[in-house]
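Peer 1: Each protein sequence line maps, in turn, to chains A and B.
Numbering that gives the first Met the number 0 puts the first residue of the first sequence at 0, with every later residue one more than the last.
Numbering that gives the first Met the number 0 puts the first residue of the second sequence at 0, with every later residue one more than the last.
Everything labelled a hint here was simulated from the structure, so no lab data went into it.
Every residue gets a Cβ at the ideal spot worked out from N, C-alpha and C, and that includes glycine.
A hint or two may mislead.
[To be verified] FRET-style restraints, in silico, Cβ to Cβ:
1. B/455 - A/216: 39 to 45 Å
2. A/222 - B/115: 30 to 36 Å
3. B/298 - A/324: 30 to 36 Å
4. A/128 - B/192: 52 to 58 Å
5. A/184 - B/353: 22 to 28 Å
6. B/179 - A/217: 23 to 29 Å
7. B/179 - A/134: 51 to 57 Å
8. A/82 - B/263: 32 to 38 Å
9. B/382 - A/270: 16 to 22 Å
10. A/134 - B/352: 33 to 39 Å
11. B/164 - A/332: 41 to 47 Å
[What the hints assert, rightly or not] No more than 27 Å apart at the CA atoms, straight line, and that leaves these computed lysine-lysine pairs for DSSO-like:
12. A/5 - B/450
13. B/450 - A/47
14. A/5 - B/272
15. A/47 - B/455
16. B/171 - B/153
17. A/344 - A/316
18. A/5 - B/274
19. B/471 - A/47
20. A/270 - B/384
21. B/262 - B/211
22. B/41 - B/25
23. A/47 - B/171
24. A/270 - B/297
25. A/5 - B/171
26. A/5 - B/153
27. B/419 - B/455
28. B/277 - B/419
29. B/274 - A/190
30. B/450 - B/471
31. B/277 - A/190
32. A/47 - B/272
33. B/213 - A/5
34. A/5 - B/297
35. A/47 - B/41
36. A/270 - B/294
37. A/5 - B/294
38. B/456 - A/47
39. B/455 - B/471
40. B/41 - B/230
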Amino acid sequence: MNSEKKLLLKGNEATIYGALLAGCECFFGYPITPASEIAHTAAELFPKLNRTFLQAESEIAAINMVLGASASGRRTITASSGLGISLKQEGISYIATCELPAVIIDITRAGPGLGNIGPEQSDYNQVVKGGGHGSYKCIVLAPNSAQEMCDFTMLAFDLADKYRTPVYVMADGVIGQMIESITLPAPMGRKPIPEWAIAATDASRRNFITSIYLGHDELEAVNIKLQEKYAEIEKIEQRCDSYRTDDAELVIVGYGIISRLLHSAVDLLRKEGYKIGMLRPITLFPFPKTEFKKLALSTDSFLCVEMSNGQLIDDIKLTIECSKPVHLYTRMGGNVPSMDEITNKCREILA
Amino acid sequence: MSKEEIKFGRSKGFFETFERRPGPIKKNMHYCPGCGHGILHKLVAEALVDLEMQDKMIFISPVGCSVFAYYYFDCGGISVPHGRAPAVATGLLRANPDSYVISYQGDGDLGAIGLNNFLQAANRGENLTVCFVNNAIYGMTSGQMAPTTLIGHKTATSPYGRTVTNEGFPLKVAEMVAALESPVYVERVALTSTKNIRSARRALRKGLTNMKEKKGFSLIEFLSGCPINLKKSAEATDEWIEEEMIPYFPLGCLKDIADERDKIIRPIPIFDKEKVTKALLESAGNIKFGDKQTKLRKDLRIKCAGFGGQGVLSLGMMIAAMGQSRNINVSWLPSYGPEMRGGTANCSVVMSNDIIGTPIVIETNILITMNQPSMDKFLPDLATKGILLYDSTSIKPPKTKSRVYAVEATRIALDIGNIKCANSVIMGAFAACLKGFELENYEGAFEEAIKTTFRKKPQLIDMNILAFRKGKDSVKTVNV
Numbered sequence: 000m001n002s003e004k005k006l007l008l009k010g011n012e013a014t015i016y017g018a019l020l021a022g023c024e025c026f027f028g029y030p031i032t033p034a035s036e037i038a039h040t041a042a043e044l045f046p047k048l049n050r051t052f053l054q055a056e057s058e059i060a061a062i063n064m065v066l067g068a069s070a071s072g073r074r075t076i077t078a079s080s081g082l083g084i085s086l087k088q089e090g091i092s093y094i095a096t097c098e099l100p101a102v103i104i105d106i107t108r109a110g111p112g113l114g115n116i117g118p119e120q121s122d123y124n125q126v127v128k129g130g131g132h133g134s135y136k137c138i139v140l141a142p143n144s145a146q147e148m149c150d151f152t153m154l155a156f157d158l159a160d161k162y163r164t165p166v167y168v169m170a171d172g173v174i175g176q177m178i179e180s181i182t183l184p185a186p187m188g189r190k191p192i193p194e195w196a197i198a199a200t201d202a203s204r205r206n207f208i209t210s211i212y213l214g215h216d217e218l219e220a221v222n223i224k225l226q227e228k229y230a231e232i233e234k235i236e237q238r239c240d241s242y243r244t245d246d247a248e249l250v251i252v253g254y255g256i257i258s259r260l261l262h263s264a265v266d267l268l269r270k271e272g273y274k275i276g277m278l279r280p281i282t283l284f285p286f287p288k289t290e291f292k293k294l295a296l297s298t299d300s301f302l303c304v305e306m307s308n309g310q311l312i313d314d315i316k317l318t319i320e321c322s323k324p325v326h327l328y329t330r331m332g333g334n335v336p337s338m339d340e341i342t343n344k345c346r347e348i349l350a
Numbered sequence: 000m001s002k003e004e005i006k007f008g009r010s011k012g013f014f015e016t017f018e019r020r021p022g023p024i025k026k027n028m029h030y031c032p033g034c035g036h037g038i039l040h041k042l043v044a045e046a047l048v049d050l051e052m053q054d055k056m057i058f059i060s061p062v063g064c065s066v067f068a069y070y071y072f073d074c075g076g077i078s079v080p081h082g083r084a085p086a087v088a089t090g091l092l093r094a095n096p097d098s099y100v101i102s103y104q105g106d107g108d109l110g111a112i113g114l115n116n117f118l119q120a121a122n123r124g125e126n127l128t129v130c131f132v133n134n135a136i137y138g139m140t141s142g143q144m145a146p147t148t149l150i151g152h153k154t155a156t157s158p159y160g161r162t163v164t165n166e167g168f169p170l171k172v173a174e175m176v177a178a179l180e181s182p183v184y185v186e187r188v189a190l191t192s193t194k195n196i197r198s199a200r201r202a203l204r205k206g207l208t209n210m211k212e213k214k215g216f217s218l219i220e221f222l223s224g225c226p227i228n229l230k231k232s233a234e235a236t237d238e239w240i241e242e243e244m245i246p247y248f249p250l251g252c253l254k255d256i257a258d259e260r261d262k263i264i265r266p267i268p269i270f271d272k273e274k275v276t277k278a279l280l281e282s283a284g285n286i287k288f289g290d291k292q293t294k295l296r297k298d299l300r301i302k303c304a305g306f307g308g309q310g311v312l313s314l315g316m317m318i319a320a321m322g323q324s325r326n327i328n329v330s331w332l333p334s335y336g337p338e339m340r341g342g343t344a345n346c347s348v349v350m351s352n353d354i355i356g357t358p359i360v361i362e363t364n365i366l367i368t369m370n371q372p373s374m375d376k377f378l379p380d381l382a383t384k385g386i387l388l389y390d391s392t393s394i395k396p397p398k399t400k401s402r403v404y405a406v407e408a409t410r411i412a413l414d415i416g417n418i419k420c421a422n423s424v425i426m427g428a429f430a431a432c433l434k435g436f437e438l439e440n441y442e443g444a445f446e447e448a449i450k451t452t453f454r455k456k457p458q459l460i461d462m463n464i465l466a467f468r469k470g471k472d473s474v475k476t477v478n479v
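Looking at chain A on its own, in the form it has when it is part of the complex (with noise of 0.2 Å):
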């Protein structure tokens, strides 16, 4: 126990922690709430290990700053939320078509509009169904604890440098802003400078960086090859947590902080009896398509609780093609649902 590095850390720091641990030289962002401790803890540590803090004027600055950090073929970072997000969407579009690896934070914020600072989760469409211009996708990870904003940052560049992709870290603003204690994984090396990168070097020199396609047939085979790359990470990277599901006949279904709650609803339901799982998609691009399937042949019916209009409950449906009712339970507006508010829906579902 002594030898574990613990540390107490928010969520939204902890990402930072994460990416500095996996070798991150650059971070570029413009500050909003509720990811502003991002930038904060960004500002203070990447210059102390000479690395790139760099307040950008805007968001669109900023997700083009990644662009040409992440050219070079250094590993670099961004984060935000919700409405910041949607300006850097042209970017992310360039940046997933140029096949370049970058890493997205989104501590996503009570919408539309301007709306207020509170937690939701209404980002999901934008950030896991592409959200800019073009037919692409980015691989969406989605935490629900400190410890997981660290470990998952620190996958995503993985997966981003893997899959030469962007890669999404996507929490509500209650897992941004919560304080947990976490355990510091051991810090990673400095990756080589990949041979595609803009390096500045002789070797390097022919190398060019793009997304203009004039002619059809040649931009056609770029968009199939996008395609060809997310059935393959469609097939190796989903990720989910089933917690009690065997024998459920109800399959409560959430990601970020109501996976949390939804994990004791279970208890507490099942200490009165009710055969209750849950399942916590962690991936939402990839959507964890395989357990929902496999699920969908033992269980009853869904309940899928999120705080936005109905987004994650689509890809439910999709994916089960509705072969067993899907309930949905919603809060808004920065609301989280309380545990009574879901153990009610639950009763009243098994009833």
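Fit chain B to the known structure of chain A by using the hints.
Peer 2: Relative to chain A, chain B alone:
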């Protein structure tokens, strides 16, 4: 018949043949006759070779007619979103300070959609050379108005001529940049006569040399022709530039202070594993752990509430740090945002020997209030067998069946000499209330938590420990 021999070949800054260009034409550029881009491309290619910058150069292809510049230049390349070249350049240069970057932009890219990114990069003094091609019209999208289009000039989107009242005066980019402190070199040249082109060649090389010597930001504005969209011959276009554009956009050097500036030196990133871990641990505050976990009889779900500025959030943090140091699982969650400034603030702290489900505390078993509105708001959520602790300096005794403890936190803090340590007084009182919770050496743990919380302001530690001890001795049971 003698074999064909090339005496004056294309600059080695260009590819021998333009293989990236689709279609059968691999030797010629796509630019129209009389277009300034062709001339400027040649100046750039020659300079890359002569200044020995080719291997380390990254040429950014913008959006506009020069979007295809990557067909031609034999150096690193990247194509970027419209207007964003200076931001992408910033990323490239910060990630790899060894690179050289040319941001090559037209009047729409730089002066309209990307003006902010351009000005901010200039104002940061990035070690960058910007080639600004000002032809007073949008070429690629076929002849719409540019921010630099002259007054009275008819374009596709100013069919009656640009007016001062509708579009304002043409944007003087070079003058604007010269007014900033950071840029080291700003000059406006024209790609018209031989004399002017020689001057443009000199200016370009000066900008690139500044970058090579890491002196910072250089802007060269090139007045350039677009015969097709100006609907003039190449010759007439040059005349038009000299007679119409130059009087409004005068040529010349507006700023040249590279000699006065030091080199921009960026440090080498540290990846040594021990140093990385040490930096993170130092910043987070390394909490010492007891060997065994303190057993709680039940989970503590604590709400701390008061005015913003009373330190209720750090009070919660100190309580969480105390739990952490006893190997209890803890979570802390603030009510975050602007309502904290001047309004009421609160935070939730959960302590458990099990995995913590939700960190949001609604039903509390310990409520700590430091002002009356918080008492009114949160007391109804306190469990019947819960504990209430409040600052009795300003709060009226509440009516409740819970166990109630009071401490004159604000008064005691004022006696100590700093109202801001009222939260530590409260924590002392809280420690006294917790006696029944069998926390092993809880006083030591609390004092350790104070040291951790104030690690970045060590001058405050002694005062807060004093406040903690006074709070512990002054707490009063109200109705047990």
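Peer 1: Determine for every hint whether it applies to the structure shown.
Peer 2: Now for the hints, and whether the structure bears them out:
1. The beta-carbon spacing between residue 455 of chain B and residue 216 of chain A, approximately 59 Å, falls outside the hinted interval of 39 to 45 Å.
2. Under the hint 30 to 36 Å, the C-beta atoms of residue 222 of chain A and residue 115 of chain B, about 32 Å apart, fit the expected range.
3. Distance hint check for residue 298 of chain B and residue 324 of chain A: the Cβ-Cβ separation is about 34 Å, which falls inside the suggested range of 30 to 36 Å.
4. For the pair residue 128 of chain A and residue 192 of chain B, the beta carbons lie near 55 Å from each other, so the given range of 52 to 58 Å is met.
5. In this structure, residue 184 of chain A and residue 353 of chain B meet the distance hint of 22 to 28 Å, their C-beta atoms being roughly 23 Å apart.
6. Between residue 179 of chain B and residue 217 of chain A the Cβ separation comes to about 42 Å, which falls outside the hinted range of 23 to 29 Å.
7. For residue 179 of chain B and residue 134 of chain A, the Cβ-Cβ distance of about 41 Å falls outside the hinted range of 51 to 57 Å, so the restraint is violated.
8. A hinted range of 32 to 38 Å holds for the C-beta pair residue 82 of chain A and residue 263 of chain B, which are about 34 Å apart.
9. Taking 16 to 22 Å as the suggested C-beta distance range, the pair residue 382 of chain B and residue 270 of chain A conforms, at roughly 19 Å.
10. Taken as a hint, the range 33 to 39 Å is violated for the pair residue 134 of chain A and residue 352 of chain B, whose Cβ atoms sit roughly 49 Å apart.
11. As the Cβ distance of residue 164 of chain B to residue 332 of chain A is approximately 44 Å, the hint placing it in 41 to 47 Å holds.
12. This hinted pair checks out: residue 5 of chain A and residue 450 of chain B have alpha carbons roughly 16 Å apart, not beyond 27 Å.
13. For the suggested pair residue 450 of chain B and residue 47 of chain A, the alpha carbons sit about 23 Å apart, so the restraint of at most 27 Å is met.
14. For the suggested pair residue 5 of chain A and residue 272 of chain B, the alpha carbons sit about 17 Å apart, so the restraint of at most 27 Å is met.
15. The straight-line distance between the Cα atoms of residue 47 of chain A and residue 455 of chain B is roughly 15 Å, inside the 27 Å bound, and the hint therefore holds.
16. Our distance criterion of 27 Å between C-alpha atoms is met by residue 171 of chain B and residue 153 of chain B, whose separation comes to about 19 Å.
17. Between residue 344 of chain A and residue 316 of chain A the CA atoms are separated by roughly 19 Å; this keeps the pair inside 27 Å, and the hint holds.
18. For the hint pairing residue 5 of chain A with residue 274 of chain B, the CA-to-CA distance comes to about 17 Å; that is within 27 Å, so the pair holds.
19. A hinted pair counts as satisfied when its Cα atoms are at most 27 Å apart, and residue 471 of chain B with residue 47 of chain A does not qualify at roughly 39 Å.
20. With a C-alpha separation of about 23 Å, the suggested pair residue 270 of chain A and residue 384 of chain B falls inside the 27 Å cut-off, and the hint holds.
21. Restraint check for residue 262 of chain B and residue 211 of chain B: the C-alpha separation of about 10 Å stays at or below 27 Å, so the hint holds.
22. Of the pairs offered as hints, the one joining residue 41 of chain B and residue 25 of chain B holds, with about 16 Å between alpha carbons and a cut-off of 27 Å not exceeded.
23. Straight-line distance between C-alpha atoms of residue 47 of chain A and residue 171 of chain B comes to about 40 Å, which puts the hinted pair past the 27 Å bound.
24. A hinted pair counts as satisfied when its Cα atoms are at most 27 Å apart, and residue 270 of chain A with residue 297 of chain B qualifies at roughly 18 Å.
25. With a C-alpha separation of about 57 Å, the suggested pair residue 5 of chain A and residue 171 of chain B falls outside the 27 Å cut-off, and the hint is violated.
26. Under the criterion of a C-alpha separation no larger than 27 Å, the hint pairing residue 5 of chain A with residue 153 of chain B is inconsistent with the structure, at around 68 Å.
27. For the hint linking residue 419 of chain B to residue 455 of chain B, the alpha-carbon distance of about 16 Å falls within 27 Å, and the restraint holds.
28. Between the alpha carbons of residue 277 of chain B and residue 419 of chain B the distance comes to roughly 31 Å, so the proposed pair goes past 27 Å and is violated.
29. For the suggested pair residue 274 of chain B and residue 190 of chain A, the alpha carbons sit about 17 Å apart, so the restraint of at most 27 Å is met.
30. With a C-alpha separation of about 17 Å, the suggested pairing of residue 450 of chain B with residue 471 of chain B holds against the 27 Å cut-off.
31. Only pairs whose Cα atoms come within 27 Å are accepted, and residue 277 of chain B paired with residue 190 of chain A is accepted, the gap being roughly 20 Å.
32. Straight-line distance between C-alpha atoms of residue 47 of chain A and residue 272 of chain B comes to about 14 Å, which keeps the hinted pair within the 27 Å bound.
33. Our distance criterion of 27 Å between C-alpha atoms is broken by residue 213 of chain B and residue 5 of chain A, whose separation comes to about 43 Å.
34. Between the alpha carbons of residue 5 of chain A and residue 297 of chain B the distance comes to roughly 24 Å, so the proposed pair stays at or under 27 Å and holds.
35. For the hint pairing residue 47 of chain A with residue 41 of chain B, the CA-to-CA distance comes to about 43 Å; that exceeds 27 Å, so the pair is violated.
36. For the suggested pair residue 270 of chain A and residue 294 of chain B, the alpha carbons sit about 23 Å apart, so the restraint of at most 27 Å is met.
37. Simply put, residue 5 of chain A and residue 294 of chain B have alpha-carbon atoms about 19 Å apart, close enough for the 27 Å limit, and the pair holds.
38. This hinted pair checks out: residue 456 of chain B and residue 47 of chain A have alpha carbons roughly 19 Å apart, not beyond 27 Å.
39. The suggested pairing of residue 455 of chain B with residue 471 of chain B holds, with an alpha-carbon distance near 25 Å, which does not exceed 27 Å.
40. Of the supplied pair hints, the one linking residue 41 of chain B and residue 230 of chain B holds, its CA atoms being roughly 24 Å apart against a limit of 27 Å.
Of the numbered hints listed earlier, those contradicted by the structure are 1, 6, 7, 10, 19, 23, 25, 26, 28, 33 and 35.
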